[in-house]
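The residues making up each chain are set out below.
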Amino acid sequence: MKILVPIKRVIDYNVKVRVKPDNSNVDLANVKMAINPFCEIAVEEAIRLKEAGIASEVIAVSIGDKSCQEQLRTALALGADRAIQIDTAETLDALNIAKLLQKIVEEEQPKLVILGKQSIDSDNNQTGQMLAALTNMPQGTFASEVKVDGDKVNVTREVDGGLQTVALNLPAIVTTDLRLNEPRYASLPNIMKAKRKPLDVKSAADFGIDLSPRSTLLKVTPPATRQAGIIVESIDELVEKLKNEAKVIS
Amino acid sequence: MSVLVYAEHDNQTLKAETLKTVAAAQAMGGEITLLVAGHHCQTVAEEAAKVNGISKVLVADNTAYEYQLAENISLLVTALASEHDHIVATALTTGKNFMPRVAALLDVAQISDIIGVESSDTFVRPIYAGNAIATVQSLDSKKVITVRTTGFDAVATDGNAEIVSLDTVTDAGTSSYVSEELTVSERPDLGAASVIISGGRGMQNGDNFKLLEGIADKLGAAIGASRAAVDAGFVPNDMQVGQTGKIVAPDLYIAVGISGAIQHLAGMKDSKVIVAINKDAEAPIFQVADYGIVADLFEALPELESKL
Numbered sequence: 298m299k300i301l302v303p304i305k306r307v308i309d310y311n312v313k314v315r316v317k318p319d320n321s322n323v324d325l326a327n328v329k330m331a332i333n334p335f336c337e338i339a340v341e342e343a344i345r346l347k348e349a350g351i352a353s354e355v356i357a358v359s360i361g362d363k364s365c366q367e368q369l370r371t372a373l374a375l376g377a378d379r380a381i382q383i384d385t386a387e388t389l390d391a392l393n394i395a396k397l398l399q400k401i402v403e404e405e406q407p408k409l410v411i412l413g414k415q416s417i418d419s420d421n422n423q424t425g426q427m428l429a430a431l432t433n434m435p436q437g438t439f440a441s442e443v444k445v446d447g448d449k450v451n452v453t454r455e456v457d458g459g460l461q462t463v464a465l466n467l468p469a470i471v472t473t474d475l476r477l478n479e480p481r482y483a484s485l486p487n488i489m490k491a492k493r494k495p496l497d498v499k500s501a502a503d504f505g506i507d508l509s510p511r512s513t514l515l516k517v518t519p520p521a522t523r524q525a526g527i528i529v530e531s532i533d534e535l536v537e538k539l540k541n542e543a544k545v546i547s
Numbered sequence: 120m121s122v123l124v125y126a127e128h129d130n131q132t133l134k135a136e137t138l139k140t141v142a143a144a145q146a147m148g149g150e151i152t153l154l155v156a157g158h159h160c161q162t163v164a165e166e167a168a169k170v171n172g173i174s175k176v177l178v179a180d181n182t183a184y185e186y187q188l189a190e191n192i193s194l195l196v197t198a199l200a201s202e203h204d205h206i207v208a209t210a211l212t213t214g215k216n217f218m219p220r221v222a223a224l225l226d227v228a229q230i231s232d233i234i235g236v237e238s239s240d241t242f243v244r245p246i247y248a249g250n251a252i253a254t255v256q257s258l259d260s261k262k263v264i265t266v267r268t269t270g271f272d273a274v275a276t277d278g279n280a281e282i283v284s285l286d287t288v289t290d291a292g293t294s295s296y297v298s299e300e301l302t303v304s305e306r307p308d309l310g311a312a313s314v315i316i317s318g319g320r321g322m323q324n325g326d327n328f329k330l331l332e333g334i335a336d337k338l339g340a341a342i343g344a345s346r347a348a349v350d351a352g353f354v355p356n357d358m359q360v361g362q363t364g365k366i367v368a369p370d371l372y373i374a375v376g377i378s379g380a381i382q383h384l385a386g387m388k389d390s391k392v393i394v395a396i397n398k399d400a401e402a403p404i405f406q407v408a409d410y411g412i413v414a415d416l417f418e419a420l421p422e423l424e425s426k427l
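Just so you know, the sequences run in chain order A and B.
Each residue of the first sequence is one higher than the one before, counting from 298 in my numbering.
Each residue of the second sequence is one higher than the one before, counting from 120 in my numbering.
The set of hints was computed from the structure by calculation and includes no laboratory data.
Misleading hints may appear alongside valid ones.
27 Å max Cα-Cα, derived DSSO-like pairs, lysine-lysine [claimed, not checked]:
| # | chain 1 | residue 1 | chain 2 | residue 2 |
| --- | --- | --- | --- | --- |
| 1 | B | K398 | A | K544 |
| 2 | A | K313 | B | K337 |
| 3 | A | K516 | B | K261 |
| 4 | A | K540 | B | K329 |
| 5 | B | K337 | B | K261 |
| 6 | B | K169 | A | K538 |
| 7 | A | K396 | B | K261 |
| 8 | A | K544 | B | K426 |
| 9 | A | K313 | A | K347 |
| 10 | B | K329 | B | K261 |
| 11 | A | K538 | B | K398 |
| 12 | A | K544 | B | K391 |
| 13 | B | K175 | A | K540 |
| 14 | A | K400 | B | K261 |
| 15 | A | K544 | B | K261 |
| 16 | A | K444 | A | K329 |
| 17 | A | K538 | B | K329 |
| 18 | B | K391 | A | K538 |
| 19 | A | K329 | A | K313 |
| 20 | B | K337 | A | K540 |
| 21 | A | K408 | A | K444 |
| 22 | A | K313 | B | K391 |
| 23 | B | K426 | A | K540 |
Partial chain A-side listing against chain B, Cβ under 10 Å, derived [as the list claims (entries may be wrong)]:
| # | residue |
| --- | --- |
| 24 | K299 |
| 25 | V314 |
| 26 | N322 |
| 27 | Q426 |
| 28 | L428 |
| 29 | A429 |
| 30 | G458 |
| 31 | Q461 |
| 32 | K490 |
| 33 | L514 |
| 34 | L515 |
| 35 | E542 |
Only some residues are given here: those of chain A computed to face chain B with a beta carbon under 7 Å [stated by the list, open to error]:
| # | residue |
| --- | --- |
| 36 | N327 |
| 37 | R511 |
| 38 | L535 |
C-beta atoms are modelled at their ideal positions from N, C-alpha and C, and glycine is treated no differently.
Throw the hints in and build the complete structure from the sequences for me.
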């Protein structure tokens, strides 16, 4: 079976985010970019399913300008077989991303689509679920374990109260949580090999979808900063402050 | 104008977060309908009817909704959406799971994790793990919204709304519940607790979390953990406080042996009072703490317990 893995190019998770002085957005000029950490876990899970003999082909797809080919090459170096870039200069919202991915799902007919649960830039946590609705597939979100069993997949999900396991008919959508796996590092020979793997470029405009934005970003501001308080010298002083100054315990 | 709010519950009790989500819905304006979807969830419906500021409670009680599977719930909510301008759910794992499906089925965008309502179409939400705050205006005719409850104060519960039973059954038939491993605890939920004590990597192992229990008992606190402690296998994932775990804002948050990675701060920095106990005086947690104590937690915790 084929597995499709949509991935996103985002700011590297180690980089400190700064808001532009004019409050129009965050400043991404000359900032290190990387594959979204949750997407990396998705790539790893797909490759493990291929290594286990369950998947036959892993296809990575990303939507963005030419620069996202860098992240697709990363996915190829990790072990994906081929890649698709859907070229657009626009920053699209999750619904439009899901609509484009729906077209790729129709073309490729994967049995499983594995995505990160959210991207660390927009923090939306929407694309996988939206793609599932548009393709009328069941979904296993926030996955910490994925087990393919015949024409079903069992997904263990991280939920508020603990863990929940659901059985989904294939084809299905899975979104990854942090503890699903620990992604490997790409070896140098695999990085070299990835340069020769196929990477198709398709234009977003060719899909005939209305990609107009659904919202306007009015402003972006830095969060309210919290002032550091005081260092107390003893537990007695701490308890006294909490009782009499902060009045949060009695 | 009218707002449909999805009630968070476990078929037995209404989750306290719903009261804050209703407060967010009030700020959007219009009549509020609360939807309780589950199975054998009559007690939840009765609790929901007491929530102030709502005009009625819709109850969809069917086996198809027992585990609130996204495939079935999204069809139910979408079927009810035509009568409402705003569809609102709490940004907990249930709402995060099914709401984007509703948005896609309605062909509208979703605005996730709002912490403020500027007007009926303009919302405030954190991006980049809370390192930036965006103000977003929706251009869609229907707004699909999830609410981060730390941004809102709970409404009261002395109301008496009408309860209406729904007989619509939407079963997609593509997914089924297999099993659950839920943490059973006598302590309050992280989302509802007014005091939280959390342990980090500094706890060294899961057994040492027992040191937090005596303090938690004395303060009526919930016990949380940092991602480092969860990843190290000390405690289960449902205890994780942080950007990808639970977002909390209690009156008092005590961080023990937690260095204060951005990821963790994003989940607790709206707490009213923060206490940090850490032996490393340079730990970033001290930059957000109201009261810090530089001490070995294995000495500080027993002393704190004895003095409360």
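Each hint, compared with the structure:
With a C-alpha separation of about 25 Å, the suggested pair K398 (chain B) and K544 (chain A) falls inside the 27 Å cut-off, and the hint holds. About 39 Å separates the Cα atoms of K313 (chain A) and K337 (chain B), which puts this hinted pair outside 27 Å; it is violated. Proximity of K516 (chain A) to K261 (chain B) is assessed by CA-CA distance (about 22 Å); at most 27 Å being required, the pair is judged to hold. The hinted pair formed by K540 (chain A) and K329 (chain B) meets the criterion: a straight-line CA distance of about 24 Å does not exceed 27 Å.
Distance hint between K337 (chain B) and K261 (chain B) is unfulfilled; the C-alpha atoms sit about 47 Å from each other, more than 27 Å. Using a Cα cut-off of 27 Å, the hinted pair K169 (chain B) and K538 (chain A) is violated, with the two alpha carbons roughly 38 Å apart. The hinted pair formed by K396 (chain A) and K261 (chain B) meets the criterion: a straight-line CA distance of about 18 Å does not exceed 27 Å. The straight-line distance between the Cα atoms of K544 (chain A) and K426 (chain B) is roughly 16 Å, inside the 27 Å bound, and the hint therefore holds.
Between K313 (chain A) and K347 (chain A) the CA atoms are separated by roughly 36 Å; this puts the pair beyond 27 Å, and the hint is violated. Between the alpha carbons of K329 (chain B) and K261 (chain B) the distance comes to roughly 48 Å, so the proposed pair goes past 27 Å and is violated. Proximity of K538 (chain A) to K398 (chain B) is assessed by CA-CA distance (about 20 Å); at most 27 Å being required, the pair is judged to hold. Taken as a hint, the K544 (chain A) and K391 (chain B) pair is honoured in the structure, with Cα atoms around 11 Å apart against an allowance of 27 Å.
With a CA separation close to 42 Å, the supplied pair K175 (chain B) and K540 (chain A) exceeds the 27 Å bound. Note on K400 (chain A) and K261 (chain B): the hinted pairing holds, with a Cα-Cα distance of about 25 Å set against a maximum of 27 Å. For the given pair, K544 (chain A) sits about 44 Å from K261 (chain B) by alpha-carbon distance, which is inconsistent with the 27 Å threshold. As the CA atoms of K444 (chain A) and K329 (chain A) are separated by approximately 35 Å, the hinted pair breaks the 27 Å bound.
The hinted pair formed by K538 (chain A) and K329 (chain B) meets the criterion: a straight-line CA distance of about 25 Å does not exceed 27 Å. The hinted pair formed by K391 (chain B) and K538 (chain A) meets the criterion: a straight-line CA distance of about 14 Å does not exceed 27 Å. Restraint check for K329 (chain A) and K313 (chain A): the C-alpha separation of about 10 Å stays at or below 27 Å, so the hint holds. The hinted pair formed by K337 (chain B) and K540 (chain A) meets the criterion: a straight-line CA distance of about 14 Å does not exceed 27 Å.
Restraint check for K408 (chain A) and K444 (chain A): satisfied, since their Cα atoms lie roughly 13 Å apart, inside the 27 Å limit. Taking the CA atoms of K313 (chain A) and K391 (chain B), the gap is near 25 Å; set against the 27 Å cutoff, the hint holds. A hinted pair counts as satisfied when its Cα atoms are at most 27 Å apart, and K426 (chain B) with K540 (chain A) qualifies at roughly 12 Å. Nearest Cβ of chain B to the Cβ of K299 (chain A): about 19 Å, over the 10 Å cut. The hint is violated.
Because the smallest distance between the Cβ of V314 (chain A) and any Cβ of chain B comes to about 4 Å, under 10 Å, the interface hint for this residue holds. With a cut of 10 Å, the hint placing N322 (chain A) at the interface with chain B holds, because the nearest CB-to-CB distance is about 8 Å. Here the hint on Q426 (chain A) is kept, as its CB sits about 4 Å from the closest CB of chain B, short of 10 Å. Taken as an interface hint, L428 (chain A) checks out: its beta carbon lies about 8 Å from the nearest beta carbon of chain B, inside 10 Å.
Interface hint status for A429 (chain A): upheld, as the beta-carbon distance to the closest one in chain B is roughly 6 Å, under 10 Å. Taking 10 Å as the C-beta cut-off, the interface hint given for G458 (chain A) holds, the closest approach to chain B being about 4 Å. The interface hint given for Q461 (chain A) holds, since its Cβ lies 5 Å from the closest Cβ of chain B, which is under the 10 Å cut-off. The interface hint given for K490 (chain A) is broken, as the beta carbon of that residue sits about 31 Å from the closest beta carbon of chain B, more than 10 Å.
Restraint check, L514 (chain A) versus chain B: the minimum CB separation of about 6 Å is within 10 Å; hint holds. For L515 (chain A), the suggested interface contact is upheld, since its CB lies about 4 Å from the closest CB of chain B, less than 10 Å. About 9 Å separates the beta-carbon of E542 (chain A) from the nearest beta-carbon of chain B, less than 10 Å, and the hint is met. The beta carbon of N327 (chain A) comes no nearer than 17 Å to any beta carbon in chain B, farther than 7 Å, and the hint placing it at the interface is violated.
For the restraint placing R511 (chain A) at the interface with chain B, the shortest Cβ-Cβ distance is roughly 4 Å, inside the 7 Å limit, so the hint holds. At a threshold of 7 Å, the smallest CB-CB gap from L535 (chain A) to chain B is about 6 Å, leaving the interface hint in force.
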